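Protein chains: 2
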Amino acid sequence: MSANNPILNPKPKSHRAEDFTHSEVQLANRNSGIALEALRHDITPIGMHYLLSHFDIPYVENESDWKLEIRGLVENPINLDMQTLKSLPQVTKQVTLECAGNGRALHKPHWPSMPWTYEAVGTAEWRGTRLIDILYNAKATSEAVEWVFSGADSGVDSGVQHVFERSLSIEMANNPDIMLAWEINGQALPPQHGYPLRLVVPGWYGMASVKWLNKIEAIDHTFEGQQQVGTYVYKKDNNDKGIPVTTIRVKSLMVPPGIPDWYSRKRLLKSGSVTLHGRAWSGLGTPISKVEIGINNHWHEAQVFPAKEKYAWSRWEFEWQAITGYHELGCRATDANGDIQPIDPPWDKSGFGNNCVQKIEVWVEDDISIKE
Amino acid sequence: MSANNPILNPKPKSHRAEDFTHSEVQLANRNSGIALEALRHDITPIGMHYLLSHFDIPYVENESDWKLEIRGLVENPINLDMQTLKSLPQVTKQVTLECAGNGRALHKPHWPSMPWTYEAVGTAEWRGTRLIDILYNAKATSEAVEWVFSGADSGVDSGVQHVFERSLSIEMANNPDIMLAWEINGQALPPQHGYPLRLVVPGWYGMASVKWLNKIEAIDHTFEGQQQVGTYVYKKDNNDKGIPVTTIRVKSLMVPPGIPDWYSRKRLLKSGSVTLHGRAWSGLGTPISKVEIGINNHWHEAQVFPAKEKYAWSRWEFEWQAITGYHELGCRATDANGDIQPIDPPWDKSGFGNNCVQKIEVWVEDDISIKE
Numbered sequence: 002m003s004a005n006n007p008i009l010n011p012k013p014k015s016h017r018a019e020d021f022t023h024s025e026v027q028l029a030n031r032n033s034g035i036a037l038e039a040l041r042h043d044i045t046p047i048g049m050h051y052l053l054s055h056f057d058i059p060y061v062e063n064e065s066d067w068k069l070e071i072r073g074l075v076e077n078p079i080n081l082d083m084q085t086l087k088s089l090p091q092v093t094k095q096v097t098l099e100c101a102g103n104g105r106a107l108h109k110p111h112w113p114s115m116p117w118t119y120e121a122v123g124t125a126e127w128r129g130t131r132l133i134d135i136l137y138n139a140k141a142t143s144e145a146v147e148w149v150f151s152g153a154d155s156g157v158d159s160g161v162q163h164v165f166e167r168s169l170s171i172e173m174a175n176n177p178d179i180m181l182a183w184e185i186n187g188q189a190l191p192p193q194h195g196y197p198l199r200l201v202v203p204g205w206y207g208m209a210s211v212k213w214l215n216k217i218e219a220i221d222h223t224f225e226g227q228q229q230v231g232t233y234v235y236k237k238d239n240n241d242k243g244i245p246v247t248t249i250r251v252k253s254l255m256v257p258p259g260i261p262d263w264y265s266r267k268r269l270l271k272s273g274s275v276t277l278h279g280r281a282w283s284g285l286g287t288p289i290s291k292v293e294i295g296i297n298n299h300w301h302e303a304q305v306f307p308a309k310e311k312y313a314w315s316r317w318e319f320e321w322q323a324i325t326g327y328h329e330l331g332c333r334a335t336d337a338n339g340d341i342q343p344i345d346p347p348w349d350k351s352g353f354g355n356n357c358v359q360k361i362e363v364w365v366e367d368d369i370s371i372k373e
Numbered sequence: 002m003s004a005n006n007p008i009l010n011p012k013p014k015s016h017r018a019e020d021f022t023h024s025e026v027q028l029a030n031r032n033s034g035i036a037l038e039a040l041r042h043d044i045t046p047i048g049m050h051y052l053l054s055h056f057d058i059p060y061v062e063n064e065s066d067w068k069l070e071i072r073g074l075v076e077n078p079i080n081l082d083m084q085t086l087k088s089l090p091q092v093t094k095q096v097t098l099e100c101a102g103n104g105r106a107l108h109k110p111h112w113p114s115m116p117w118t119y120e121a122v123g124t125a126e127w128r129g130t131r132l133i134d135i136l137y138n139a140k141a142t143s144e145a146v147e148w149v150f151s152g153a154d155s156g157v158d159s160g161v162q163h164v165f166e167r168s169l170s171i172e173m174a175n176n177p178d179i180m181l182a183w184e185i186n187g188q189a190l191p192p193q194h195g196y197p198l199r200l201v202v203p204g205w206y207g208m209a210s211v212k213w214l215n216k217i218e219a220i221d222h223t224f225e226g227q228q229q230v231g232t233y234v235y236k237k238d239n240n241d242k243g244i245p246v247t248t249i250r251v252k253s254l255m256v257p258p259g260i261p262d263w264y265s266r267k268r269l270l271k272s273g274s275v276t277l278h279g280r281a282w283s284g285l286g287t288p289i290s291k292v293e294i295g296i297n298n299h300w301h302e303a304q305v306f307p308a309k310e311k312y313a314w315s316r317w318e319f320e321w322q323a324i325t326g327y328h329e330l331g332c333r334a335t336d337a338n339g340d341i342q343p344i345d346p347p348w349d350k351s352g353f354g355n356n357c358v359q360k361i362e363v364w365v366e367d368d369i370s371i372k373e
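Line by line, the protein sequences give chains A and B. Just add 1 to wherever you are in the first sequence, counting from 1, and you've got our numbering. Just add 1 to wherever you are in the second sequence, counting from 1, and you've got our numbering.
Do not take every clue at face value.
Repeated chains share a single entry, so a pair holds when one copy, or any two copies, can fit it.
Said to hold, decoys possible - In silico EDC-like pairs for lysine to aspartate or glutamate, Cα to Cα no more than 20 Å straight-line:
hint, residue 1, residue 2
1, Lys87, Glu126
2, Lys94, Asp20
3, Lys140, Glu329
4, Lys68, Glu144
5, Lys309, Glu62
6, Lys237, Asp134
7, Lys109, Asp20
No lab work stands behind these hints, which were simulated from the structure alone. Small disclaimer: the values here were computed from a predicted structure and weren't measured.
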């Protein structure tokens, strides 16, 4: 077998292939994905949770200068400092967040933007206070239809200069699970995760969880900011008005078994029994009802362990008898709504919401010793 | 001016350009670079320090099971557990680490591997114990010429299955600044930085600082492991026997001024006075003697502040009067040995040691308002 194994008998690398741009690689360098083997951890260690910052990370020397302003169509405009926020009732929640662009680079051809393959996900334990309590005190007037959440970060996208801003309808923002968070995994937010304050909207793709939050404004119309209508919209083509990107689609990932080839990340594995395992999650905390493991496109049901909290991912396991040769592994989750991952990327012009089945290429050998 | 400004008047994105592979993008997603604006921090926050793991990050549930074994040509073979290690005299050091492959993607064409542009750098405060004290107790025999440091991570590279291992000569390993570290920035090492124990070799490129360190062996010959002679070697071409990659070359980076275009990271800036600033560092703690700022290839001397510690980067500043139009900015450091950064990438087959001058494209406008 070894003579046919391209991990152990690689072709020389060539200088040119495929089609990612310098700008995409630059984005992949400054943003961070989880290493797939870190899916082992219930709570993703700091520095392994995925991270996407559209613009520059604001420099906030000390949270004592930070103000959160709640204004617009409210009966009681409010200015809150961090000390006051931290004196409010606190909640802690495990939340799985995923970037709406995760899987974009699996489209062929793909839209030029942050070229995620599978890594834009993580589960953190956030600590903060409920958004709803603060909004209740500010009290939106009867004319208000949306809340607009503003970050301290700004820049240009598609020629439009803007501050990073997202909205939620008054009704959506009443979800008592939405938090204003100042801690992640028991520590103050690091700068890149929104220090000193961020929104955390469980069950939604990450763009809703505005970092460096300094303003919440009630408005009487549908918000049409660049990050609301210009970017995060599912579109068939350029002429499509599209559908807003909102909640996370059902998805699962596997910790790649065996050991990697450094460059290709294809896997080398010793034959015999191996426990395949990984995570599965869906939007709005919808439970995972089934995970199937594909071995060369034959599907087998895995054991699914319930999520530790409503918005956290579930763990799954499957015992595989690995026999010598080449195998393609995959995992496919179904949630309690009956939504199931597609085998191929669902079409979207900009590559949003790609929850297609992960593909892992594994070469199994009898005569190797692997210390994992 | 605005009509000519490609940030404010971008061309539509096209699907295809340039030449990075899917494998390279996958590596860029799982490894992490610093966001250049985080060069503001003297100590890089956890999760922003660059990170390169060749193979999978080993899963170590609890350090109480960890053993460091010192063996081979020693008079006193030693097994150390973490509790014993932590009872030894402790040292804390600020160390700037950079990946030897940093800048690889700036070569055209480039070698297919981790496609770093500028981001593979960071400064951390490491805490641990001196390597030399432990080696002194083990006492290499007179036949020993090198120490081999082994990590718990293994995989395949170029068809060769191996554990990540690097060596230092007996003489080099006597440098009292080399540490066995178990803390970064006042916290236990996170898994991805080598939990529970790693080597930190200040002044050398990062490959020498073996993570997940579990074995040190004295040998009587020159170590020829894959990561010593197969990977980290400067070579002109495939026939060149080459020169080992060792210490960090002099380099500097600038915090990009103004605000970014999301995709290209080109910069938009308001005209007027702006403080350009950034960092400069060199190998083996050699001080930085000069930093020059290039404004459209006219060079001006910046103010350099001494490094806070021997192996940490220096900060530099330069006041620029930004006038309307397009500008190319750069920074170029010289160290106390007289080594200076080249304008163009120094040739190396695999793209190691690229310390060429950073290039930042900036469009300055009079009539914009920018909240940085």
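Each hint, compared with the structure:
| no. | hint | in the structure |
| --- | --- | --- |
| 1 | Lys87 with Glu126 | within (17 Å within a copy, 29 Å between copies) |
| 2 | Lys94 with Asp20 | neither (40 Å within a copy, 42 Å between copies) |
| 3 | Lys140 with Glu329 | neither (55 Å within a copy, 50 Å between copies) |
| 4 | Lys68 with Glu144 | neither (26 Å within a copy, 66 Å between copies) |
| 5 | Lys309 with Glu62 | between (35 Å within a copy, 19 Å between copies) |
| 6 | Lys237 with Asp134 | neither (39 Å within a copy, 64 Å between copies) |
| 7 | Lys109 with Asp20 | both (10 Å within a copy, 15 Å between copies) |
Hint violations for this structure: numbers 2, 3, 4, 6, all remaining hints satisfied.
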